[in-house]
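Sequence order for the protein chains is A and B.
Per the UniProt record's numbering, residue 1 is the first one in the first sequence, and the count goes up by one each step.
Per the UniProt record's numbering, residue 1 is the first one in the second sequence, and the count goes up by one each step.
Read the hints as simulated data drawn from the structure, not as lab findings.
Among the hints, a few may not be true.
[As the list claims (entries may be wrong)] Derived Cβ-Cβ restraints for the label pairs, each shown as a range: (1) B:Lys-43 x A:Leu-148: 39 to 47 angstroms; (2) A:Glu-144 x B:Gly-155: 52 to 60 angstroms; (3) B:Glu-233 x A:Val-100: 31 to 39 angstroms; (4) A:Leu-41 x B:Gln-231: 48 to 56 angstroms.
The beta carbon of each residue, even a glycine, is placed where N, CA and C say it ideally should be.
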Amino acid sequence: MAELKVSAIREGTVIDHISAGKGLKVIEILGLGRLNGGAVLLAMNVPSKKLGRKDIVKVEGRFLSEEEVNKIALIAPSATVNIIRDYKVVEKFKVEVPDVIEGILRCANPNCITNHEYVTTKFYVINKEPLKVRCYYCERTMEEDEILANL
Amino acid sequence: MEWKGRDIISIRDFSKEDIEFVLETAERLERELREKGHLEYAKGKILATLFFEPSTRTRLSFESAMHRLGGAVIGFAEASTTSVKKGESLRDTIKTVEQYSDVIVIRHPKEGAARLAAEVAEIPVINAGDGSNQHPTQTLLDLYTIKKEFGRIDGLKIGLLGDLKYGRTTHSLAEALSFYDVELYLISPELLRMPRHIVEELRERGVKVKETSDLEAVIGELDVLYVTRIQKERFPDEQEYLKVKGSYQVNLAILAKAKENLKVMHPLPRVDEIHPEVDGTPHAIYFKQVFNGVPVRMALLGLVLGVI
Ligand SMILES: [Zn+2]
């Protein structure tokens with residue numbers, strides 16, 4: 001496979017170093033598959049020095065909000081975000097799991113008040129790797145599988 | 001720690017110092033109450049008890065505590081008689097009720113409801129049970145009872161018997177006891193063992209934990225035996241319930257193997273897990289435990305109101 005240059009798009013975002021297999025989930029939760037969006041390129045199982053295999057997502061003409069970056073961190077804590085302008089990487093940073101996750105995750109407990117009433121959800125991160133969070137309201141803990149299913 | 005205005009939602013929010021302070025305050029109020037017969041600390045204050053699901057004894061205990069502090073009580077005992085039935089949100093109910101009162105006690109079938117109420121309300125909120133999550137005042141009165149009987153909590157061997165899987169009271173009691181130098185015996189049918197993550201957490205916090213399904217084998221070592229009911233309503237399927245139903249009972253025969261000063265506790269109500277013949281023995285302290293709920297709740301109400 002030819003070398004995948006992150007600067008191959010003119011303007012937009014390249015999300016690199018996504019753990020292999022999680023790229024589709026990144027596209028899904030960012031809503032990038034919608035018809036009216038810009039071009040999206042997904043590379044899966046690309047060889048990586050750091051991860052062995054990795055996924056890469058390139059999005060043309062779109063930049064990410066802080067909330068979206070936090071979402072990516074929950075799915076792919078190893079990911080790096082490259083912001084591209086005029087074919088050049090103008091900014092590059094590693095995503096980071098925040099200490100408190102507000103609003104972007106549903107609670108997996110069906111009897112939690114947040115699933116019955118209008119409430120902005122809030123979770124405390126107990127462990128970052130592997131990810132484990134505790135619901136501020138019902139105090140139930142959620143691990144990786146449940147977190148992915150409730151993003 | 002500033003107590004005035006504080007919410008009492010989860011035993012997780014308490015440090016050991018907080019727990020000790022509540023227990024000392026309860027002790028002081030109980031003594032004052034005995035001497036004076038009636039206290040006036042909360043005169044002119046109003047407690048609202050919002051019981052979205054019925055729990056008569058917990059509600060009466062809070063109401064009694066507020067009256068004994070000289071305060072007044074308003075509230076409802078079940079949601080079906082209120083505008084909640086018409087679809088009012090918890091948020092709106094709380095925003096409304098806080099206009100009428102100085103402190104709120106809430107019991108709700110959904111986990112996290114008490115935390116949400118506390119977020120919404122400007123006045124202090126006390127959790128009297130939210131689904132299968134927390135019931136912090138029960139844990140505090142359990143600790144108060146142990147301390148009153150033995151003069152201490154450190155150094156005791158405490159057995160938790162019964163449904164340790166679904167039992168909310170045993171989870172938070174075990175968690176609170178991990179602040180102390182105690183040995184815990186977790187005694188339950190195989191199907192109802194304490195969740196792994198709680199046992200691991202206890203061990204990480206330095207508590208000696210022994211798990212067994214054989215009460216007879218360990219009863220001779222215990223200072224406290226905390227018995228819980230198997231709650232049919234918590235079981236996801238009836239077959240599982242039938243397998244463990246009636247699998248243990250504390251009676252005179254088994255107590256013959258116990259230490260002379262073993263104390264038997266129970267959060268009540270009971271079904272058949274403690275035979276009534278035990279009631280008359282010095283082992284039984286579960287009705288004293290009920291009484292102890294009042295000074296503990298007086299302490300909490302007085303502290304969060306900032307009047308004691
Ligand atoms: Zn929750």
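Now for the hints, and whether the structure bears them out:
no. : hint                                      : result
1   : B:Lys-43 x A:Leu-148: 39 to 47 angstroms  : violated (55 angstroms)
2   : A:Glu-144 x B:Gly-155: 52 to 60 angstroms : violated (41 angstroms)
3   : B:Glu-233 x A:Val-100: 31 to 39 angstroms : holds (34 angstroms)
4   : A:Leu-41 x B:Gln-231: 48 to 56 angstroms  : holds (54 angstroms)
Of the numbered hints given earlier, the model fails hints 1 and 2; all others are met.
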